[in-house]
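Trainee: Residue-level listing of the chains:
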Amino acid sequence: MAILNNRLTAEQYEQNFSDIHPPFENREAALVEANRCLFCYDAPCTKSCPTSINIPKFIKQITTDNVKGSAYTIFDANIMGGGCSKVCPVEKLCEGSCVYNFLEEPPIPIAKLQRFSTEKAIEQKWPLFQRKPSVGKKVAVIGAGPAGLSCAHVLSREGVDVTIYEKEKKGGGLMTYGIAAYKVTPQFCEDEVNFITSLGGIDIKYDQELGRNVTLAELQTNYNAVYLGIGVGVARHLEIPGEELAGVEDAIRFIYDIREKGYPSVPVGDKVAVIGLGMTAIDAATQAKRLGAKEVTIVYRRTQAEMPSTEVELNLAKLDGCHLIWLASPKEIIGENGRVTQLICNVMELGVPDTSGRRSPVETGETITLAVDMVIKAAGQIPYEELVSSNQLTNWNGKLAIDGNCATNIPGVFAGGDCVNGGKEVVDAVQAGKDGAKAILSFLVKSEK
Amino acid sequence: MADLSTNFLGIKSPNPYWLASAPPTDKKYNVLRAFEAGWGGVVWKTLGSQVKNVSSRYSAVDFNGTKMMGFNNIELISDRPLDINLREIAECVRLFPDRAMVVSLMADNSREKWHELIAQVEDTGAHGLELNFGCPHGMTERGMGAAVGQDPEIAKMVVEWVMEKATIPVITKLTPNVHSVVPTGHASVEGGTNALSLINTIQSVTGVDLDTFVPNPYVAGKSVYGGYCGPAVKPVALKMLTTIAQDPVTSQVPISGIGGVSTWKDAAEFMLLGATSVQVCTAVMKHGFRIIEDMCDGLNNWMDEKGFKTIYDFIGKSVPTITHWEDLDINYHIVANINQDKCIHCGLCYIACEDTSHQAINLTYGKPFNTYSIKEEECVGCNLCKLVCPVDDCITMVEQRKGDEYLNWKEFQRRGLPLNDH
Chain A
1 MAILNNRLTA EQYEQNFSDI HPPFENREAA LVEANRCLFC YDAPCTKSCP TSINIPKFIK
61 QITTDNVKGS AYTIFDANIM GGGCSKVCPV EKLCEGSCVY NFLEEPPIPI AKLQRFSTEK
121 AIEQKWPLFQ RKPSVGKKVA VIGAGPAGLS CAHVLSREGV DVTIYEKEKK GGGLMTYGIA
181 AYKVTPQFCE DEVNFITSLG GIDIKYDQEL GRNVTLAELQ TNYNAVYLGI GVGVARHLEI
241 PGEELAGVED AIRFIYDIRE KGYPSVPVGD KVAVIGLGMT AIDAATQAKR LGAKEVTIVY
301 RRTQAEMPST EVELNLAKLD GCHLIWLASP KEIIGENGRV TQLICNVMEL GVPDTSGRRS
361 PVETGETITL AVDMVIKAAG QIPYEELVSS NQLTNWNGKL AIDGNCATNI PGVFAGGDCV
421 NGGKEVVDAV QAGKDGAKAI LSFLVKSEK
Chain B
1 MADLSTNFLG IKSPNPYWLA SAPPTDKKYN VLRAFEAGWG GVVWKTLGSQ VKNVSSRYSA
61 VDFNGTKMMG FNNIELISDR PLDINLREIA ECVRLFPDRA MVVSLMADNS REKWHELIAQ
121 VEDTGAHGLE LNFGCPHGMT ERGMGAAVGQ DPEIAKMVVE WVMEKATIPV ITKLTPNVHS
181 VVPTGHASVE GGTNALSLIN TIQSVTGVDL DTFVPNPYVA GKSVYGGYCG PAVKPVALKM
241 LTTIAQDPVT SQVPISGIGG VSTWKDAAEF MLLGATSVQV CTAVMKHGFR IIEDMCDGLN
301 NWMDEKGFKT IYDFIGKSVP TITHWEDLDI NYHIVANINQ DKCIHCGLCY IACEDTSHQA
361 INLTYGKPFN TYSIKEEECV GCNLCKLVCP VDDCITMVEQ RKGDEYLNWK EFQRRGLPLN
421 DH
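Protein chains in written order, with the UniProt record's numbering: chain A, 1 to 449; chain B, 1 to 422.
Derived from the structure by calculation, the hints contain no laboratory data.
Don't take each hint at face value.
To be verified - Facing chain B, according to a computed beta carbon distance under 10 Å, are these residues of chain A, among others:
id	residue
1	F39
2	C45
3	A246
Using N, Cα and C, we set each Cβ at its ideal position, and we do this for glycine too.
Just need the whole structure built from these sequences, with the hints factored in.
Mentor: The structure is reproduced here in structure tokens:
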């Protein structure tokens, strides 16, 4: 057993990481589905979208060949509507509430239709938005992820000059660095960021990390307001013996490397265990398999009923040949010569419901042992507790505390997205960015008086 | 098994389905294919002085992804030599003697021309003639087609010329491009026609190309009004058919119904409103002749279910049910009911009623699913909610009479009963 890179041929990588949700091949195919849409009133799909995209309207616009209008409808509500059409867990959002589900009919493929309009807009660089004349205000945004970009776009449209400070070399945040490559390609992520900034008035400064290259105090001095969209950090520690062994990986880092270094460069084990069953766990497990791991086992301490992942995502992992072990909680990682050889798990059973309402797993006293050479940790992510605390920002275990106006405890400093909610969907972060921008705009008006 | 065989003034066909005079019936090749597929008869594409056609000739109206909901053409009568047409008609009659062969005619405007043409056609062994008084484009500029059908006196004169000569049944085809088909229908019957057929196509502009700004169909930068047909015109055709079926003069002759017939259901409706045979064109131009299979089969099964042994058991059955508005029963009242178990929460009933009708539906907010219910006291029983509802039988109309007795508008006024106060 060994952890190796370069396991596959270029063709195999190409095939394994090709788009799993192919777009409509042509206009007619999109129209067949668009014409099925009933054009619901006060539509359940729209109400199930965190950014409230007027879905019946954009689909209707596809049917009338008003694709430009359709793209505007989407982007006006969600400037990352292109990326969201590829990464949203639509089965629990818009498509999950499509009324066709009541008829036991396939729901409208909303994401695919959304992709139809948005991809055209991004590819053809349609100038859908115009900035208002400059209002002479400057806002600093930390993080060019979904929350930061969405906030910046709304602000810039209103004539505010925005500077984004991004610690990475590319924008897009988790969209670019934290999602399986077969869902969104690196090229798409770059095009999407360029599409957003093509509005003008948004200057992204890369390789600029808060606390390292720039301080909150400086930003407060130099800008009229600051928006923190700093996301969350590394994977939660398992707090078990053996976690320091070579071969124990952080899922976020693993996925980041795949996006950043290219498929052949990323090493993967023969037998891989993935801890956790959220979207990130699935992305790590499936991509480990697609990089050429012989055996991938997902270990989850609860049952399918409690899993954070959607069934569609789970099926992706199953179809990729990943194994699942339910009710197993990592107890210890065993190694030889400093390298992982085994993962020992406690066998769990479900006890009484915890604060999340889910039945919490309790140990049965039995254990199981898996022979593995790589363990990928995907049991949630840790907020930047040290960073926020050192800046005197009120927080809950590192998660920033904000009021109803997206404001932190420091006047003029706002926040939103994963750094507040601890890690949700891209679409939630986009909405948080919109809310933040709205709050900042009213703050800028008030602070003038 | 019901008996679909049809006897239209002695013109016999194994079923009531004839192909209308149009491109599908302009030559032996197509007609033999149609007969092989099972069509009961054809009306051979109109013969007259040979013409020249243009390119292109057709255009269509699509609706919500359905192609050719309405269809339009600017073709003239047959552009093939008369002698070839006549020879081929004779061959088809010989090869399929059990099928109806009616030949559509549009002679130049003289008694002699009509007589000459009729004599030539009768020599083929055809079973009947159909007079084309309806073609709405091209031929009208030459004083033919609809130009004849739009003037009852001229129509009567031409029918009289025809009846002097014809020895086989004559059907006069009426144009819908008039305020009422009845005057020309009357005139034709008075002129001696043995039967009527309707409707011909309706003058139309099917659309304008938003890039070239030229309407369809496009002919070298120009277009002309065409003849509209297909499913879109069926309701207009049914109405015109009914006026002919209800008129004391025109109802004395058999009627061949035309206009958007695509399925056995359409045919049954035409027959219930007085048609003895139906003629089909657009549906075969979209799908080919094979649609005849279900048209026969479906009609047969329906007749069996209803206990009709022959088509004559139901032809005209619905004619008396179309009455005058002032004879309708004002005491009849229905209100909508939403079956909550079937409701899919699309809100279409609500927004239709709220924006455009009587504000008779309650919305109870839910995330993401709202609940909708009827305000019975506000509901006027208009059917709109039921019509927009995408689920069968989710919204039903429940009878809640305003009074036990039949009460019409005249009586309502005579009694001085109260009108709405809001």
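Trainee: Each of the hints needs a verdict: does it hold here or not?
Mentor: The hints, checked one at a time:
1. F39: holds (7 Å)
2. C45: holds (8 Å)
3. A246: Violated, because the Cβ-Cβ distance from A246/A to chain B comes to roughly 48 Å (cut-off 10 Å).
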